[in-house]
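K.L.:
With the hints as constraints, model all of the structure from the sequences given.
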Amino acid sequence: MALKILYFASLRETIGRGGETIDLPDGAATVAALRDWLAGQGGGREALLTAKNLRAAVNQKMAGMDAAVADGDEVAFFPPVTGG
Amino acid sequence: MALKILYFASLRETIGRGGETIDLPDGAATVAALRDWLAGQGGGREALLTAKNLRAAVNQKMAGMDAAVADGDEVAFFPPVTGG
Amino acid sequence: MNEVSVQEADFDAGAEIAALTADDPQAGAVASFVGLVRADKLAEQKVGADGTVQAMSLEHYPGMTEQALAEIVAQARGRWELRRVRVIHRVGRLLPGERIVFVGVASGHRGDAFAACEFIMDYLKTRAPFWKKEETPAGGRWVDARETDDAAALRWQVSGGD
Amino acid sequence: MNEVSVQEADFDAGAEIAALTADDPQAGAVASFVGLVRADKLAEQKVGADGTVQAMSLEHYPGMTEQALAEIVAQARGRWELRRVRVIHRVGRLLPGERIVFVGVASGHRGDAFAACEFIMDYLKTRAPFWKKEETPAGGRWVDARETDDAAALRWQVSGGD
Numbered sequence: 062m063a064l065k066i067l068y069f070a071s072l073r074e075t076i077g078r079g080g081e082t083i084d085l086p087d088g089a090a091t092v093a094a095l096r097d098w099l100a101g102q103g104g105g106r107e108a109l110l111t112a113k114n115l116r117a118a119v120n121q122k123m124a125g126m127d128a129a130v131a132d133g134d135e136v137a138f139f140p141p142v143t144g145g
Numbered sequence: 062m063a064l065k066i067l068y069f070a071s072l073r074e075t076i077g078r079g080g081e082t083i084d085l086p087d088g089a090a091t092v093a094a095l096r097d098w099l100a101g102q103g104g105g106r107e108a109l110l111t112a113k114n115l116r117a118a119v120n121q122k123m124a125g126m127d128a129a130v131a132d133g134d135e136v137a138f139f140p141p142v143t144g145g
Numbered sequence: 012m013n014e015v016s017v018q019e020a021d022f023d024a025g026a027e028i029a030a031l032t033a034d035d036p037q038a039g040a041v042a043s044f045v046g047l048v049r050a051d052k053l054a055e056q057k058v059g060a061d062g063t064v065q066a067m068s069l070e071h072y073p074g075m076t077e078q079a080l081a082e083i084v085a086q087a088r089g090r091w092e093l094r095r096v097r098v099i100h101r102v103g104r105l106l107p108g109e110r111i112v113f114v115g116v117a118s119g120h121r122g123d124a125f126a127a128c129e130f131i132m133d134y135l136k137t138r139a140p141f142w143k144k145e146e147t148p149a150g151g152r153w154v155d156a157r158e159t160d161d162a163a164a165l166r167w168q169v170s171g172g173d
Numbered sequence: 012m013n014e015v016s017v018q019e020a021d022f023d024a025g026a027e028i029a030a031l032t033a034d035d036p037q038a039g040a041v042a043s044f045v046g047l048v049r050a051d052k053l054a055e056q057k058v059g060a061d062g063t064v065q066a067m068s069l070e071h072y073p074g075m076t077e078q079a080l081a082e083i084v085a086q087a088r089g090r091w092e093l094r095r096v097r098v099i100h101r102v103g104r105l106l107p108g109e110r111i112v113f114v115g116v117a118s119g120h121r122g123d124a125f126a127a128c129e130f131i132m133d134y135l136k137t138r139a140p141f142w143k144k145e146e147t148p149a150g151g152r153w154v155d156a157r158e159t160d161d162a163a164a165l166r167w168q169v170s171g172g173d
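Chains as they are written, first to last, in this note's numbering: chain A, 62 to 145; chain B, 62 to 145; chain C, 12 to 173; chain D, 12 to 173.
Treat each hint with caution, since some may be false.
Straight-line C-alpha distance at most 35 Å; calculated DSBU-like pairs for lysine-lysine [claimed, not checked]:
| id | chain 1 | residue 1 | chain 2 | residue 2 |
| --- | --- | --- | --- | --- |
| 1 | A | Lys65 | A | Lys113 |
| 2 | B | Lys113 | C | Lys144 |
| 3 | A | Lys122 | D | Lys144 |
| 4 | D | Lys144 | A | Lys113 |
| 5 | B | Lys65 | B | Lys113 |
| 6 | A | Lys65 | A | Lys122 |
| 7 | B | Lys122 | B | Lys65 |
| 8 | B | Lys65 | C | Lys144 |
| 9 | C | Lys144 | B | Lys122 |
| 10 | D | Lys144 | A | Lys65 |
Partner residues are not named here, just some residues of chain A that face chain D (Cβ under 10 Å, in silico) [stated by the list, open to error]:
| id | residue |
| --- | --- |
| 11 | Leu67 |
| 12 | Ser71 |
| 13 | Arg78 |
| 14 | Thr82 |
| 15 | Ala118 |
| 16 | Gln121 |
| 17 | Lys122 |
| 18 | Met123 |
| 19 | Asp127 |
| 20 | Ala129 |
| 21 | Pro140 |
Examples of chain C residues lying across from chain D (beta carbon under 10 Å, computed) [stated by the list, open to error]:
| id | residue |
| --- | --- |
| 22 | Ser43 |
| 23 | Gly89 |
| 24 | Arg110 |
| 25 | Lys136 |
| 26 | Ala163 |
No lab work stands behind these hints: they were computed from the structure.
All figures in this text were calculated on a predicted structure; none of them were measured in a lab.
Beta carbons are placed, not taken as given, at the ideal position from N, Cα and C, and that holds for glycine.
P.N.:
As structure tokens, then:
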């Protein structure tokens, strides 16, 4: 399935890009599975596994690692927020 | 002893004056005793006994009815405050 | 600048908030409160069908007022780590919608600023010698003290932010 | 007027506070918060003796940010009786002492205004997608999330103002 991936803050810098469009093989249908698949692609994406307290959002809403992802979703990965 | 008495808000209106200087007979040395003595002087001062939740200050600090009063003190009587 | 003011004049909340942190590198948080004359509350006192909102007048105890406010601020400083604090309370005749009171508290952290600002308001409501009188078509009416205000002040004695 | 704004421009806290109650006869209380870039916190990151405070930059997740803030405000409205609410968060490069965030809440009563204002700040700190990066003489440094912020947000789930 086609997914839009976004990276923010330190994760964006480590991975060296703000986002990418990917084609995820069928079967991996949660945020955690997507994270693991991305990390396996290398190119700095291993940081998704080593990042402390990795957070995610699916379609611009905070989501847990067990949240489902579906074709066409926008999935973002980032460190804990520090605004305010 | 000589005391400066002040009345505020509804009490000031009921008693018809903002304050007065009095000479309290010896023996009455608490706010409560002063209140009772004043009420006995009539002229609207009976309101000190009928006022709901009467409050007092001695020398510009909130004081309970059992607080001591001494010669030269400024004693104020008023209803519960409603500022803010 | 004074920490507390009792005045007839209006105040500028934005200028007060800015002054609370100007040139203070340790001030990262400002909690503030503005209280206003509620037009609808005055309207509740209408007596006749043609009764229109009039105004409110605020009486105080000159001399004691400033002292009482300063004492409340001192208590807040004893409980929380605060930078600058500012309390302004107006007296005299005020129209519906007009500002009555300003409390602003600067601190390094927002928790202290919020707690101290609310504490000062709760104590001001029950311990500072101000009295409100509403004008109504039927004449003046002194505002009754609210039991909820006593309860609000009391809760700081039980679970205060120490 | 928008309820939430994410912008590079500074804001005028006094004007925002005034707008929260303009022509609203039921608004008697405005609690507000202003957060600033603490110069001394930036200074802690100095590496060399000549290390001077630089600045901070704020990154966000365009699109999600506004939605997350609107959702936080909606939750506050579900818990307390509020009139107007305003949230402004700046992004981009900010110098020490500059304003970062404004939260203003108008209500009929101060208890609701204070609680909702603090709730919105606590939730914003843990749920709105903003990230701070400090410039230091040794280079950029992403600010770590604080456990105290998680604790502050969590307490609304236990004893929230219902």
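K.L.:
Could you work out which earlier hints the structure fails to respect and list their numbers in ascending sequence?
P.N.:
13, 14, 19, 20, 23
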